[in-house]
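Model the full structure from these sequences, guided by the hints.
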Amino acid sequence: MADDEPMHRALGLTDTEAADIERILDRPPNHLELAMFAVMWSEHCSYKSSRLHLKRLPTEAPWVLVGPGENAGVVDAGDGVAVALRIESHNHPSAVEPYQGAATGVGGILRDIFTMGARPIATMDPLRFGPLDDARSRWIAEGVVSGISGYGNSVGVPTVGGELVFDETYADNPLVNVLCLGVMPIDRLVLGRASGSGNLAVLLGSSTGRDGIGGVSVLASAGFGDAEAEQAKRPSVQVGDPFEEKRLIEACLALYDAGLVVGIQDLGGAGLTCATSETASRGGVGMDVFVDAVPQREPGMAPFEVMTSESQERMLAIVTPADLDAVLALCDRWEVRASVVGRVTDDATHERGRLRIFDREGGVLLADVPAASLHEDAPLYDRPMSPPEDLAARHADAPDALPRGDVDAALLGMLADTSWASSQYDHQLFLNTVVGPGGDAAVLRLGGPGLPRSQRGLALSTDGNARWCAVDPRAGTAMVVAESTLNVACAGARPVALVNCLNFGNPEHPEVMWQLSEAIDGMSEVCRALGVPVIGGNVSLYNESRGRDIDPTPVVGVLGLIDSLVRRPPPAALLDGAEIVLLGRPGALGLGGSRWAADVHDHRGGTLPALDLDAHAKLLAVVQELVADGAVSGIHDVAEGGLAACLAEMAVKGAVGFTTIAGAIADHDALFSEAPSRVVVGVDPSETAGLVVRVTAAGVPATVIGRAGGDRLVVDGLLDVTLEDATRTWREFLPRALSSAG
Amino acid sequence: MVLFPGSNCEHDVIESVSLLGGQADVVWHGDTDLSAYDAVVVPGGFAHGDYLRPGAIARFSPVMSAVAAFAAGGGPVVGICNGFQVLTEAGLLPGALQKNAGLKFLCTTVECEVVSTRSVLTAGASVGQVLRLPINHFEGNFTCSPSTLAELEAEERVVLRYRDNPNGSTASIAGVCSAAGNVVGLMPHPERACNALLGSADGQVLLRSVLSAARTPRVPA
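Protein sequences, first through last, are from chains Z and F.
Residues in the first sequence are numbered from 1 upward in steps of one, following the working numbering.
Residues in the second sequence are numbered from 1 upward in steps of one, following the working numbering.
No lab work stands behind these hints, which were simulated from the structure alone.
For glycine and all other residues, C-beta sits at the position ideal for the given N, C-alpha and C.
A few of these clues could be false.
What the hints assert, rightly or not - What follows is a set of in silico ranges between Cβ atoms, one per label pair, in the way DEER data are often shown:
1) F:Val130 / Z:Asp576: 20 to 30 Å
2) F:Ala69 / Z:Gly198: 45 to 55 Å
3) Z:Pro62 / F:Val130: 48 to 58 Å
4) Z:Arg297 / F:Ser212: 50 to 60 Å
5) F:Val130 / Z:Asp563: 33 to 43 Å
6) F:Val130 / Z:Gly709: 20 to 30 Å
7) Z:Asp133 / F:Ala180: 50 to 60 Å
8) F:Ser212 / Z:Gly531: 50 to 60 Å
9) F:Ala72 / Z:Val566: 37 to 47 Å
Unchecked claim - Calculated lysine to any residue pairs in the SDA-like style (CA-CA distance at most 20 Å, straight line):
10) Z:Lys653 / F:Thr108
11) F:Lys104 / Z:Ser419
12) Z:Lys618 / Z:Ala628
13) Z:Lys653 / Z:Glu732
14) F:Lys99 / F:Pro146
15) Z:Lys618 / Z:Arg494
16) F:Lys104 / Z:Leu738
17) Z:Lys653 / Z:Gly438
18) F:Lys104 / Z:Pro735
19) F:Lys104 / Z:Gly150
20) Z:Lys653 / F:Glu111
21) Z:Lys653 / Z:Pro571
22) Z:Lys653 / F:Val110
23) F:Lys104 / Z:Ser739
24) F:Lys104 / Z:Ala737
25) F:Lys99 / Z:Gly150
26) F:Lys104 / Z:Ser146
27) Z:Lys653 / F:Arg132
28) Z:Lys653 / Z:Val581
29) F:Lys104 / Z:Glu732
30) F:Lys104 / Z:Gly143
31) F:Lys104 / Z:Ser137
32) Z:Lys618 / Z:Gly690
33) Z:Lys653 / Z:Gly413
34) Z:Lys653 / Z:Met414
35) Z:Lys618 / Z:Val692
What the hints assert, rightly or not - Calculated from the model, a selection of chain Z residues having no Cβ within reach of chain F, i.e. all distances over 10 Å:
36) Phe290
37) Pro299
38) Met301
39) Pro387
40) Asp390
So this is what it looks like as structure tokens:
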């Protein structure tokens, strides 16, 4: 920073924001206060650019126990069990330090879940990296997957699925999103708020060091420049310790079971400042914090460092003085450090509770701010937005007339087995995993340590598609949500909740704000039509790569409920001899936004195929029934890569070829179109007629398109590859691409 | 069931043992009294974070001297995954487990062949029986000296072998037992293979063997 740069700018605050702080305090803030406001008013913590738009999302349903705004959304899953769900991004830390960035992303989301009283039982990792022919992208991808593996496996929470995408748009700015699901007895729900004047704030877990200071403001709320600047940001990345987190989880769950906490809050972005001010302001009280009581990793830390450090594996519990000894004893058993660092106050002389920072109890007052001002008074921006100037021209530039080229090669280029990543993750712990990574959705039994076994099940899918959203952020996001709901339906589940992770570029660019607003509207439309509430989310802005914004990448996680999980859902695979039936609209539907157009012609124009929400709802219902009844032997939704990729993946996984009926897949369009609301099922030939009648009666078109058998993948007149080639390409693609030393 | 801070498979073993009619409790790593129990399982996970080396710190936990005494008295002791690593570090089983040959963590389901039934884990199975069992480890590459290997083979103490060696283990060894057959370690997770809904029930035969050994009265040595 330049020597003459004002302190607030160096901390990431604008001149207007600095003036607002002075107005709130009625005096100029001191350095510590300014640092606290800087982290809390960062884009990452305050959602100042997106809050206005997020309000448009539907968030309510009878089964929603906790909606957006708390640490995680919570729904009633039946049988006395509540499910907590959240998704987060750790994009910027992972770009700078892939292993620790990804590892601490996992650690952070777990804390969000057990803060709510739930035991984390599953995570999923939607990951997006730059192209595989770029050595730095490969280094980031390997580091991120190792970080998830190293932390997730050790902390003892299975990673049951996710996504793995490589695209030029993420060069230097990977998207590392992580979703976590937890379960709890419904009466153990805990909220992150302080209450009771005189109650104690007890800091649990790791000591506080100089790692991650300003992580939310310096790192997460700004784009990336040159390599040297990135090196300089490395100290802003935190370092994770999964063993500490494992003990912290067990200690906290034991504290809840013993009824020893009044409220609890994890320490994540903005560290102690966030945890103390949030618990106080949610509870409508004040809090005094004593800096010298915070266990410090090294001597000589300044108060602003202690208050803004993002050291990992820490929780702030509010406990009554009478329970303190029991809390300390329980923490001691789990070898978890516990220290009283503050006290809840109820100062009647102020309208709002004060967050006061002292150097020690009874010592010098270092900072004094209204606790709620760090949240409620955070800036709210209605940033300028406008569609790109060339939007009409881009929409007019349809890919449908592009030369078809080598269809066999185009298909083979789309096949990639992602078990290179998922085999590095424990995906089985807790004996819940019925379908792990690689299926349309992960399927879990509803249960977990300390909960009675239930016949119910959960299905979880995470989805995103930047190609669609780049063509049309509104329709593209709608298609992403539709695909995700269809994925859980293919597991026999009905979608009940959605969480989102909105990964976008620089919100100070009007086009990016337009993308964000459009995406939120597209999501709202589908969620309202299907009755799926949005129960939480995360917004990650300032994702810029080599000087340009990433393509808009809203990622959603959809939770589905299965009433009776007594048999394994059909795999996304063909069974030898099965008849292949397409459910949903047949025919050519357009190649706009398709993987084929991007892969073969680097073409990203045109418009997207239409999404009919009424037809989609009917499809969801019938698919869910077919799966629940065991009426199909294989099922897979048609998404990226169209029917071609769908059928090829089913063939490879079923180790059997297929031949389509002449004319059933009319042309190249029909092969690669990514039109939504379509599913391929395999069915015993003796039952095909009945299935077609049943599906048609439900208002969904059903077309017999071929039969599984033989050792070739044949689409009459369009495609002919051997099963052996397809399988080898699928299996070897990632290991080969990643081992290409560069 | 011995529980170290960082263990994580204890719930799964308890659930699977209960499913098979057994009863399991957790014994904290600081405790030293195993007199109430008929068999000991050291479960998988990351005892003490696997810091330094898997099992290197856990072997010093107070409970391990009780486990050694229990084993010396002929009691059935089974180490699964991290538990196997702990038992080798504690000297209750021969050999060591180093990083997988692929230098990556590996979670997948593999086929294992029962090669000896002279252990409390495999007594109820038959030689040549092939079991589909999940593996989930970074350090599962069993290694030992040539003389130890010769001794293990000669005494029929190799109890399970991978059919398609996933991690570089010497002689494809997935599990070994002590000279008396009452102490066994294996890298695969039989407790994760007790329910067809989850993909395999082939682990039942192994846990049933342990339960049966637990019910057999012993005369302390």
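Problem - Numbers of the earlier hints that this structure fails to satisfy, in rising order - result: No numbers; nothing is violated.
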